[in-house]
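Engineer: Sequence:
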Amino acid sequence: MKLCRYSVRCLRGTHFASLLAGAWLFVLGMGLPASDFASQMKEAEAGNSEAQFLIGRSYDRGENVAQDFAKAREMYEKAAAQGNAKAMNNLGSMYLQGRGVSKDNEVALDWFKKSAECGADRAQVTLGVCLQEGRVLKRDIPSAVAWFERAAQQGNAEAKRRLALLYYDGTEGWEKDYGKAVSVVNPLAEAGDPWAMNTLAAMYEYGHGVPKDDATSVEWLRKAAGAGDGRALFNLGSRHASGHGVKRDIVQACALLETSLKKGEGAARALLSELSPTLTPAQNEEVKRRVEKILSDPQWHP
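First residue of the sequence shown: 6, per my numbering; consecutive thereafter.
No wet-lab data here; the hints were simulated from the structure. C-beta: ideal position from N, C-alpha, C; glycine also. Check the hints yourself; a few may be wrong.
As the list claims (entries may be wrong) - Taking lysine to aspartate or glutamate and the DMTMM-like style, the derived pairs with C-alpha atoms no more than 25 angstroms apart in a straight line are:
1. K267 <-> E279
2. K267 <-> D218
3. K76 <-> E138
4. K143 <-> E177
5. K119 <-> E180
6. K143 <-> D198
7. K108 <-> E154
8. K47 <-> E68
9. K252 <-> D218
10. K119 <-> E79
11. K108 <-> E138
12. K267 <-> D254
13. K185 <-> D218
14. K217 <-> D254
15. K217 <-> E279
16. K76 <-> E50
17. K268 <-> E279
18. K267 <-> E297
19. K268 <-> D302
20. K181 <-> E154
Unchecked claim - Simulated restraints, written as ranges between beta carbons of each label pair:
21. E79 <-> E138: 28 to 34 angstroms
22. G124 <-> G175: 39 to 45 angstroms
23. A275 <-> D219: 21 to 27 angstroms
24. E290 <-> E68: 45 to 51 angstroms
25. D145 <-> L284: 52 to 58 angstroms
26. K298 <-> V112: 30 to 36 angstroms
27. K293 <-> E138: 39 to 45 angstroms
28. E224 <-> G175: 24 to 30 angstroms
29. I255 <-> E111: 55 to 61 angstroms
30. S44 <-> G67: 45 to 51 angstroms
31. R253 <-> A275: 14 to 20 angstroms
32. K185 <-> L284: 42 to 48 angstroms
33. V70 <-> G233: 50 to 56 angstroms
34. E224 <-> E180: 29 to 35 angstroms
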């Protein structure tokens, strides 16, 4: 049995592509306002590594300046030479993606290693994924876990999710441990992470690492659904369709499933195709009203 019917779907299946998302982290985010570019350039020319990184990122993104990967790389290299971990990470991403340079996984990996050793959590996750999936590096789960733990200690949510999955599922070279999985997932859920709330709901549903408790499971789904999470809306809608742990309510089930579908949960389509034909015209109108309410009211809670 897989952990949480749909909560882990978006994390699994991304695999090496997730490296690209992680590598881009320090490229994305708040850019330099146009008024700051000139002053930051002066700082960069004077040798300030953070200014060099910011100017490099502006060239990388083409923000308030013409996009120029060569100039971006030049600035990143200057910042990296002074130990700027974010610049090292972005150099790795340039070689991984081939932005202005020839794609070169080995060079990318070397930059990610340097960045990770300097404490950049995104680079630490990238290395962990390489080791976990056996991409570029030889598969080594204990070493992957070590990098994930270093990133998790800095609050990196993706690292925590991957640790939780490894502890929950177990794998060759790593033992399953539901208790440790709970210890990682619970603080994330308490902090409002939708993936963690869905996952903790599944743990209570099946009694994995915690006492089996349908009421608590449903409460976590409601919290995630109330935060607008499509996966939780699907899972809660499925429960209302079957009456598992909640009152069977086809109208509420269809409203939740329809909303989850609008949020990208394609799995809801099959169940809706079974339930919708059983509704009366009045019930169909009520479903539409509830869907509109869920989508428009930020205070809505199931």
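Engineer: Against this structure, judge whether each hint is valid.
Structural biologist: Now for the hints, and whether the structure bears them out:
In summary, the hint linking K267 to E279 is supported, as the alpha carbons are separated by about 18 angstroms, within the 25 angstroms threshold. For the suggested pair K267 and D218, the alpha carbons sit about 30 angstroms apart, so the restraint of at most 25 angstroms is broken. Restraint check for K76 and E138: not satisfied, since their Cα atoms lie roughly 33 angstroms apart, outside the 25 angstroms limit. Of the supplied pair hints, the one linking K143 and E177 holds, its CA atoms being roughly 14 angstroms apart against a limit of 25 angstroms.
Our distance criterion of 25 angstroms between C-alpha atoms is broken by K119 and E180, whose separation comes to about 29 angstroms. For the proposed pair K143 and D198, the alpha carbon gap of about 31 angstroms is over 25 angstroms, so the pair is violated. Between K108 and E154 the CA atoms are separated by roughly 29 angstroms; this puts the pair beyond 25 angstroms, and the hint is violated. Distance check on the hinted pair: K47 and E68 sit about 17 angstroms apart at the alpha-carbon level, within 25 angstroms; holds.
Under the criterion of a C-alpha separation no larger than 25 angstroms, the hint pairing K252 with D218 is consistent with the structure, at around 16 angstroms. In summary, the hint linking K119 to E79 is supported, as the alpha carbons are separated by about 17 angstroms, within the 25 angstroms threshold. Restraint check: the Cα-Cα separation between K108 and E138 comes to about 20 angstroms, which is no more than 25 angstroms; the hinted pair holds. This hinted pair checks out: K267 and D254 have alpha carbons roughly 20 angstroms apart, not beyond 25 angstroms.
In summary, the hint linking K185 to D218 is supported, as the alpha carbons are separated by about 19 angstroms, within the 25 angstroms threshold. Distance check on the hinted pair: K217 and D254 sit about 23 angstroms apart at the alpha-carbon level, within 25 angstroms; holds. Between the alpha carbons of K217 and E279 the distance comes to roughly 29 angstroms, so the proposed pair goes past 25 angstroms and is violated. At most 25 angstroms may separate the alpha-carbon atoms for a hinted pair to count; K76 and E50 meet this at roughly 13 angstroms.
Of the pairs offered as hints, the one joining K268 and E279 holds, with about 20 angstroms between alpha carbons and a cut-off of 25 angstroms not exceeded. Distance check on the hinted pair: K267 and E297 sit about 11 angstroms apart at the alpha-carbon level, within 25 angstroms; holds. Taking the CA atoms of K268 and D302, the gap is about 15 angstroms. The hint holds against a cut of 25 angstroms. The suggested pairing of K181 with E154 holds, with an alpha-carbon distance near 16 angstroms, which does not exceed 25 angstroms.
Separation of E79 from E138 is about 32 angstroms and conforms to the stated range, judged on CB atoms against 28 to 34 angstroms. For the pair G124 and G175, the beta carbons lie near 29 angstroms from each other, so the given range of 39 to 45 angstroms is not met. A hinted range of 21 to 27 angstroms for the beta carbons of A275 and D219 is consistent with their spacing of about 24 angstroms. Restraint check, E290 to E68: a C-beta distance of roughly 47 angstroms satisfies the suggested window 45 to 51 angstroms.
Look at D145 against L284: about 53 angstroms separates their beta carbons, and that is inside 52 to 58 angstroms. Range check, K298 to V112: about 53 angstroms between beta-carbon atoms, so the 30 to 36 angstroms window is missed. Range check, K293 to E138: Cβ separation about 44 angstroms, and the 39 to 45 angstroms hint holds. At about 28 angstroms, the CB distance of E224 to G175 agrees with the hint of 24 to 30 angstroms.
Evaluation of the 55 to 61 angstroms hint for I255 and E111 yields a pass: the beta carbon distance comes to about 56 angstroms. A hinted range of 45 to 51 angstroms is violated for the C-beta pair S44 and G67, which are about 20 angstroms apart. Taking the beta carbon of each, R253 and A275 are about 19 angstroms apart, inside 14 to 20 angstroms as hinted. A beta carbon spacing of about 44 angstroms between K185 and L284 agrees with the range 42 to 48 angstroms that was offered as a hint.
Separation of V70 from G233 is about 36 angstroms and departs from the stated range, judged on CB atoms against 50 to 56 angstroms. For the hinted restraint 29 to 35 angstroms between E224 and E180, the CB-CB distance of approximately 30 angstroms keeps it satisfied.
The structure shown violates the earlier hints numbered 2, 3, 5, 6, 7, 15, 22, 26, 30 and 33.
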